[in-house]
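Undergrad: Each chain, written out:
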Amino acid sequence: MTERLTATTAPYTIGIPPFRPGEDADFGGAFKEQPGDLWRPDPTTCSSEDTAPHARGLLRVLNDKGEAKGEWDPKLDTSELIQGLEYMMRLRIFDDRMIKMQRTGKLSFYMRSFGEEAVAIAQTMALENQDWIFPSYRQPGAQFVRGRDMVSMICHCIGNTEDNVRGRQMPVHYTYKEGRFISISSPVGTQFSQAVGVAMASAYQEKDEVCISWLGDGTSAQGDYHYALNFASTFKPPVILNVVNNQWAISTHANLATGGRTFAERGLAYDIPSFRVDGNDFLALYSITKWARDRASAGMGPTHIEVYTYRAGAHSSSDDPSAYRPNDEASCWPGGDPIQRLKEHLLHIGEWDEEKHEALAQKIDDEVMAAYKEACEFGDLASGPYPPASTIFTEVYETVPWHIQEQREELGK
Amino acid sequence: MADMNMIKSLNSALSISLKQDPNVVIFGEDVGFFGGVFRVTEGLQKEYGPHRVFDSPLAEGGIAAIAMGMSLNGLRPVAEIQFADYIFPAYDQIVNEIAKLRHRSGGEFSSPVTIRTPAGGGIKGGHHHSQSPEAQFTHTPGLKVVYCSNPYNAKGLLLASIECNDPVIFFEPKRCYRGPFYGDPHNVPTWNGHPDADVPEDHYIVPLEQARIVREGSACTVIAYGTMVHVAEQAIKDSGIDCELIDLQTLVPWDRDTVVNSVKKTGRCVIVHEAPKTSGFGAEMSASVQERCFYHLEAPIQRVTGWDTPFPHTTEWDYLPSPQRIAEAIKKTQEE
Numbered sequence: 001m002t003e004r005l006t007a008t009t010a011p012y013t014i015g016i017p018p019f020r021p022g023e024d025a026d027f028g029g030a031f032k033e034q035p036g037d038l039w040r041p042d043p044t045t046c047s048s049e050d051t052a053p054h055a056r057g058l059l060r061v062l063n064d065k066g067e068a069k070g071e072w073d074p075k076l077d078t079s080e081l082i083q084g085l086e087y088m089m090r091l092r093i094f095d096d097r098m099i100k101m102q103r104t105g106k107l108s109f110y111m112r113s114f115g116e117e118a119v120a121i122a123q124t125m126a127l128e129n130q131d132w133i134f135p136s137y138r139q140p141g142a143q144f145v146r147g148r149d150m151v152s153m154i155c156h157c158i159g160n161t162e163d164n165v166r167g168r169q170m171p172v173h174y175t176y177k178e179g180r181f182i183s184i185s186s187p188v189g190t191q192f193s194q195a196v197g198v199a200m201a202s203a204y205q206e207k208d209e210v211c212i213s214w215l216g217d218g219t220s221a222q223g224d225y226h227y228a229l230n231f232a233s234t235f236k237p238p239v240i241l242n243v244v245n246n247q248w249a250i251s252t253h254a255n256l257a258t259g260g261r262t263f264a265e266r267g268l269a270y271d272i273p274s275f276r277v278d279g280n281d282f283l284a285l286y287s288i289t290k291w292a293r294d295r296a297s298a299g300m301g302p303t304h305i306e307v308y309t310y311r312a313g314a315h316s317s318s319d320d321p322s323a324y325r326p327n328d329e330a331s332c333w334p335g336g337d338p339i340q341r342l343k344e345h346l347l348h349i350g351e352w353d354e355e356k357h358e359a360l361a362q363k364i365d366d367e368v369m370a371a372y373k374e375a376c377e378f379g380d381l382a383s384g385p386y387p388p389a390s391t392i393f394t395e396v397y398e399t400v401p402w403h404i405q406e407q408r409e410e411l412g413k
Numbered sequence: 414m415a416d417m418n419m420i421k422s423l424n425s426a427l428s429i430s431l432k433q434d435p436n437v438v439i440f441g442e443d444v445g446f447f448g449g450v451f452r453v454t455e456g457l458q459k460e461y462g463p464h465r466v467f468d469s470p471l472a473e474g475g476i477a478a479i480a481m482g483m484s485l486n487g488l489r490p491v492a493e494i495q496f497a498d499y500i501f502p503a504y505d506q507i508v509n510e511i512a513k514l515r516h517r518s519g520g521e522f523s524s525p526v527t528i529r530t531p532a533g534g535g536i537k538g539g540h541h542h543s544q545s546p547e548a549q550f551t552h553t554p555g556l557k558v559v560y561c562s563n564p565y566n567a568k569g570l571l572l573a574s575i576e577c578n579d580p581v582i583f584f585e586p587k588r589c590y591r592g593p594f595y596g597d598p599h600n601v602p603t604w605n606g607h608p609d610a611d612v613p614e615d616h617y618i619v620p621l622e623q624a625r626i627v628r629e630g631s632a633c634t635v636i637a638y639g640t641m642v643h644v645a646e647q648a649i650k651d652s653g654i655d656c657e658l659i660d661l662q663t664l665v666p667w668d669r670d671t672v673v674n675s676v677k678k679t680g681r682c683v684i685v686h687e688a689p690k691t692s693g694f695g696a697e698m699s700a701s702v703q704e705r706c707f708y709h710l711e712a713p714i715q716r717v718t719g720w721d722t723p724f725p726h727t728t729e730w731d732y733l734p735s736p737q738r739i740a741e742a743i744k745k746t747q748e749e
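Order-wise, the sequence lines are chains A and B.
Following our numbering, the numbering of the first sequence begins with 1 at its first residue and continues without gaps.
Following our numbering, the numbering of the second sequence begins with 414 at its first residue and continues without gaps.
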């Protein structure tokens, strides 16, 4: 792992990022941790203490040559591997199209999952369809796994008449109940402790359901993170709590987010099995999530996972990372690129080639473009039409109370 | 019917809810085995089991978040925040999350949570066991805000709140748990024999959004809620003026029609609450009365409230609206 860097400017210690603009982003080459370093404990019996090495190490399956190694290899069918690759490529192409559209004013704002595509996709693929997804804004990719139509997603982002949340939320704040994908909220981390409540309700109703949630390294400073871990530790509901350590919270580096060691290790103090996993390794993510689900389903309670990755893009369309980090930092990240790594694995096992890859990329690009055009038929932010103004007043309560009805009449729409 | 104090009637409402709806769960600090610091949940864990009535870790933000998560996944949680003064760590979860979930999700999800919390002064609680922060919630769209005042309406309003599909912040005037308070700290009656302590043992509802006319009158309308209903009642008696007293009961959405009709009849209006004056709910009522009753008003609207200061410990009787202050305000409305 990268050492925490600090500047000792008495009387405080101030964390500092490894590199600033103009410096060489040299992470020292590949990760020293290798697949096979860490054993796979029995999820139905293991204690949090058994996972101490996992919380300090780095769980990997794919090595730097694209080989799957060690007992954490989930041994997925080729079709599942290709499906995972397809979802990740779809998310990246979708994001790229949306950010272009944002630049032309068709939507107000956008957030890409660039570099972190494996996180929501591998983890959601490892779950069952009845499991609850409680995302932050960096996990919209889970919706592809749950079968959401891209037209519907774009209608939300461009805030048109078909937006299922009726133009009330900023783009990327998806809700998709049919896919058990719970509404995304802007305040960071609130979903983490709510997810524990969702899981407690599933347990109460004796349903075989698990709830998974994510937040970022920066957000792990919020009270909600600690509420979630403590309540999860206390009540042991079926919940999977992920800290996506993508190094950056807008411009605040993870070295400023904690004075401790790994984020994963915090879970041990709450007596929750805790793992640090290579977040750009599709197979490792799939495998640890499956492990956590098996544990939760066996009534053994929560799992805490640090997803060690890198935010390759800007925080959002309103951010400019060149102001605070070297432009080539992402390409120097030892974990590489999640899509490229799964692709290399498929090439390595002889189930993929460049021609297929190109054809798939083209097919997805065409589908995204077609979905975009179809969505725009219902309006976009630049030119409308928008959801009717009456949607301001509805669904605040189950029925519209008199004072809101009066205000609606005052607006006259 | 049975003679119940407010603790017993709230307990009865909770017990009925647990019995009639298997999805109701109750949790909060000390509410389980012990039965709550004010004993409102006494005996419920024993009767309904520790998975339905349980102690939570001491984290109000966590309590509210857990309640929201449970509620969007089929349960109907009733969470207790031990003192309203301690609700603020949960403020983000209540204001940004619970209150907005239905709207922000286009109606796909909702959060039918009831948050019970003892509020108000008169128990020598100082800054942090005496506040009445209702206005901090009435300013948040998506929440219903309820403030009970006696054993009868406490039970009926709590049952209505739990059965409501919207989130409800339910304030309980802790000074009135064991008896009404008429503004004299040396006179501490119990609820025994009070007509509003005659409470049906079975299920009943006091509808949300409806005020209660405590006493009819023609000379002045006095509006109050919580403990101040009783203090105002005493003030009216002391003033010798024929006032109409309205107990608001629900603050959002409030029963404006009952208030407006009364002020149109009396031409005078006194608003009483123990929370600070500035931006208090009295300001909202005063503005609405002015908008609706301007040509009926014979005198300026009076507000009698707590001061715009932190709530004091030893001098709380000089902080809380007293019968004297309220009576003076009533008399003032008669002078013009």
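Do not rely on the hints blindly, as some may be mistaken.
[As the list claims (entries may be wrong)] Restricting the straight-line Cα-Cα distance to at most 20 Å, the calculated cross-link-like pairs of lysine to aspartate or glutamate (EDC-like) are: (1) Lys65(A) with Glu49(A); (2) Lys432(B) with Glu206(A); (3) Lys207(A) with Glu729(B); (4) Lys75(A) with Asp96(A); (5) Lys236(A) with Asp468(B); (6) Lys177(A) with Glu521(B).
Bear in mind the hints are in silico, worked out from the structure with no lab data behind them.
Undergrad: All hints are to be evaluated individually against the structure, with a verdict given for each.
TA: Checked hints:
1. With a C-alpha separation of about 32 Å, the suggested pair Lys65(A) and Glu49(A) falls outside the 20 Å cut-off, and the hint is violated.
2. Straight-line distance between C-alpha atoms of Lys432(B) and Glu206(A) comes to about 19 Å, which keeps the hinted pair within the 20 Å bound.
3. For the proposed pair Lys207(A) and Glu729(B), the alpha carbon gap of about 51 Å is over 20 Å, so the pair is violated.
4. This hinted pair does not check out: Lys75(A) and Asp96(A) have alpha carbons roughly 31 Å apart, beyond 20 Å.
5. A C-alpha spacing of about 14 Å is found between Lys236(A) and Asp468(B), which places the hinted pair at or below 20 Å, so the restraint holds.
6. Distance hint between Lys177(A) and Glu521(B) is fulfilled; the C-alpha atoms sit about 6 Å from each other, no more than 20 Å.
Hint violations for this structure: numbers 1, 3, 4, all remaining hints satisfied.
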